[in-house]
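The lines below spell out each chain.
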Amino acid sequence: MNTRIATAVMLTSALALAACQKKAPEELPPAPEATAAPAPTPASTGPAVGSMEHFIEAVGRANTVVYFDTDRYNIDAEDSAKLQTQAQYFSQYSNVTFTIEGHTDERGTRDYNLALGERRANAAKNYLVSLGIPASRIRTVSYGKERPVALGSNEAAWAQNRRAATVTIN
Amino acid sequence: MKFLTALAPLIALAAAPLAAQNQDLGEPMGEGQEVEAVAVEGDDGDGPLRGTVSDDSSLDDLGIAIPAFATDRNVSTPANANGTAALGEELARVITANLRNNGLFKPTGPDSLPKPEFANITSPVWSTWGVRGAEMLVHGYVRARSDDRLTVGCYLYDMALQQRLVAEGWVVSPADWRRAAHKCSDLIYARLTGESPFFDSRIAYIAETGPKDNRTKRLAIMDSDGANHRFITTGRSTALTPRYSPDYKQLVYLSYVDGNPRIYVYDIGTGRQTLVTQSENPTFAPRWSPDGRWILYSMAVGGNTDIYRVSAQGGRSERLTDTPGIDIGGSYSPDGSRIVFESDRSGSQQIYIMDADGTNQRRLTFFGGRSATPEWSPRGDQIAFTHIAGDFNIAVMNPNGRGLRKLTNGWQDEAPTWAPNGRIIQFFRTARNTGATSLWQVDLTGENERRLPTPVDASDPAWGPILP
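Residue numbers (this note's numbering), protein chains in the order written: chain A, 59 to 228; chain B, 631 to 1098.
A few of these clues could be false.
20 Å max Cα-Cα, derived EDC-like pairs, lysine to aspartate or glutamate [claimed, not checked]: (1) Lys879/B to Asp897/B; (2) Lys842/B to Glu213/A; (3) Lys842/B to Glu159/A.
What follows is a list of derived Cβ distance ranges for each label pair [what the hints assert, rightly or not]: (4) Val207/A to Glu825/B: 41 to 51 Å; (5) Asn153/A to Asp965/B: 32 to 42 Å; (6) Asn153/A to Asn890/B: 45 to 55 Å; (7) Lys1036/B to Thr128/A: 19 to 29 Å; (8) Pro192/A to Asn890/B: 16 to 26 Å.
Pulled a few chain A residues facing chain B out of the computed Cβ check, cut under 7 Å [as the list claims (entries may be wrong)]: (9) Ser138; (10) Thr143; (11) Gln146; (12) Tyr170; (13) Ala173; (14) Val199; (15) Pro206; (16) Leu209; (17) Glu213.
Because the hints were derived from the structure by calculation, they are not lab data. Quick reminder that beta carbons are idealized off the backbone N, C-alpha and C, glycines included.
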């Protein structure tokens, strides 16, 4: 398990680095100047245990978010597989505390969506607790329809927004 | 000394939550002044004429001439840089805009009318106005008092009868001069329609800016006509769903200021706020009782949301619902005896009714689709709500759950709030894809739908009662 994660960490670090280089720079880069090649980064440094980066590298980004049907909050087979992956991580790193954010799509009234987001976050939390993760390590927060990730007004976008996202705090 | 040192961290700890609660608030604004009613010039003590209006055509077509309010002496006033004469014109403009924007009557404003003399306010020169085809004539005056406050008189005349229908006067502080114009609008509206007034009131709402996935949402307030706009929160944290207390001294609303959704009671005079209940659980959907003694809020415990009531003075909360599922919101009947609320205990959002102590809960809506955000009319005769059947629209029904009438036809119209007289409903509309939001209002007949101008995007309107 440890070796697998370490390999995954190194692999995804390289990927992340590549991804960073593809991003448009936020500021103009400084004028080029001749410098010695940067010292190679020691292999031991990576994202800190419990950081969001570390969590994503260990479980895979797709496993950090579970999705729900319209107005539903049940954990289906796909969700439980994702939450089991999360549970392995949180079992291994038993000092890591985290938040589950509950969200809804925009096609609901505001108050109800806040309550529905809370219900979804709790559904994910309860599942993790059933897998042995102490409830005291899990905070829930609902954002209702306030924080969509997909911006369109169509079924595909709404499906992405009906979610419970696990976010580490450390 | 040792004692003090030991205590210091404790004090800091105790103070921290309060500081966190206030870090999103702007400067306190202090409480508004009350408007004092006074006898007006030419008031013979007999009170207004009680006869019916002589014109029998539709009220929408009723022509009303509203020339500039006269002043006895043009003197400087903090209410207008050009003195009381210019203020008199502004008063007539505000009244004209009020009536025109609400689709009431056919008002003609001061910019296309001659200016009456001060002496003629109580005895109009009928020949001047008779040729203009107006059925009703509004006259008024503004006079600066020695204490810097203003006396504003408002007169409504029937042109055919050549008689005064009603007259009232008010003393206002210069900062509140628009309230005199709203009072005069209310006087005209109430006299001609027989309905209760609504112009002299305020609206709390959420001002929205920024992209759809990173909206800044600020608590804001404004007069019923959009004037005197003011932000209460800075926008550092998301604010949602405000409601004015019936006396306008407090606002309840949801804020993420400590990172969690929590209901706060904000005191307008002091600019301070407190949690509606001391709990680690999220709280939503705050509402006032009509007498201002109770606050309803909804709280999720372990993902299950129920409705609670707490005294506005604080103290223990009382749980009113206990079904599995989401019970949320709530709106009192005008007499405070019953509450309509929303619940998905049947499997989808529907409207339920209960006694104010939580007993006798039963479902009201069986329309097909979902029914949400019920708001009881201040008149008691209708309940407005969001009807979700494909699209989201504003609808009304009788308090017995029958007589469904759909009032709007948008893609997403939600969260109705009533004008103080129960004749107009305000709501917010969300645009497809862009997520742009705006405030709208429609009258109870489904007519006169119009957008309210706001400085930025706007949602979650809450219309307060007539100002005290």
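Here is how each hint holds up against the structure:
1. Restraint check: the Cα-Cα separation between Lys879/B and Asp897/B comes to about 6 Å, which is no more than 20 Å; the hinted pair holds.
2. For the hint linking Lys842/B to Glu213/A, the alpha-carbon distance of about 17 Å falls within 20 Å, and the restraint holds.
3. With a C-alpha separation of about 18 Å, the suggested pairing of Lys842/B with Glu159/A holds against the 20 Å cut-off.
4. Between Val207/A and Glu825/B, the C-beta spacing of about 47 Å keeps the proposed range 41 to 51 Å intact.
5. For Asn153/A paired with Asp965/B, a C-beta distance near 56 Å fails the hint of 32 to 42 Å.
6. For the pair Asn153/A and Asn890/B, the beta carbons lie near 23 Å from each other, so the given range of 45 to 55 Å is not met.
7. The given range of 19 to 29 Å is respected by Lys1036/B and Thr128/A, whose C-beta atoms sit roughly 22 Å from each other.
8. Judged by the Cβ atoms, the range 16 to 26 Å given for Pro192/A and Asn890/B holds: they are separated by roughly 20 Å.
9. Proximity of Ser138/A to chain B is violated relative to the hint, the smallest CB-CB distance being about 17 Å (cut-off 7 Å).
10. Contact between Thr143/A and chain B, as hinted, is not supported at the beta carbon level, the nearest pair being about 22 Å apart and thus beyond 7 Å.
11. Contact between Gln146/A and chain B, as hinted, is not supported at the beta carbon level, the nearest pair being about 24 Å apart and thus beyond 7 Å.
12. Of the supplied interface hints, the one on Tyr170/A holds, with its beta-carbon coming within about 6 Å of a beta-carbon of chain B, less than 7 Å.
13. Checking Ala173/A against chain B: minimum C-beta separation of about 4 Å stays under 7 Å; hint holds.
14. Residue-level restraint check for Val199/A holds (minimum Cβ-Cβ distance to chain B is 6 Å; threshold 7 Å).
15. For Pro206/A, the shortest C-beta to C-beta distance to chain B is roughly 6 Å, which falls under 7 Å, so the interface hint holds.
16. Satisfaction of the interface hint for Leu209/A is found here, the shortest Cβ-Cβ separation to chain B being roughly 5 Å, below the 7 Å cut-off.
17. Given the 7 Å rule on beta carbons, the hint for Glu213/A is violated: about 13 Å separates it from the nearest Cβ of chain B.
In summary, the numbered hints that this structure violates are 5, 6, 9, 10, 11, 17.
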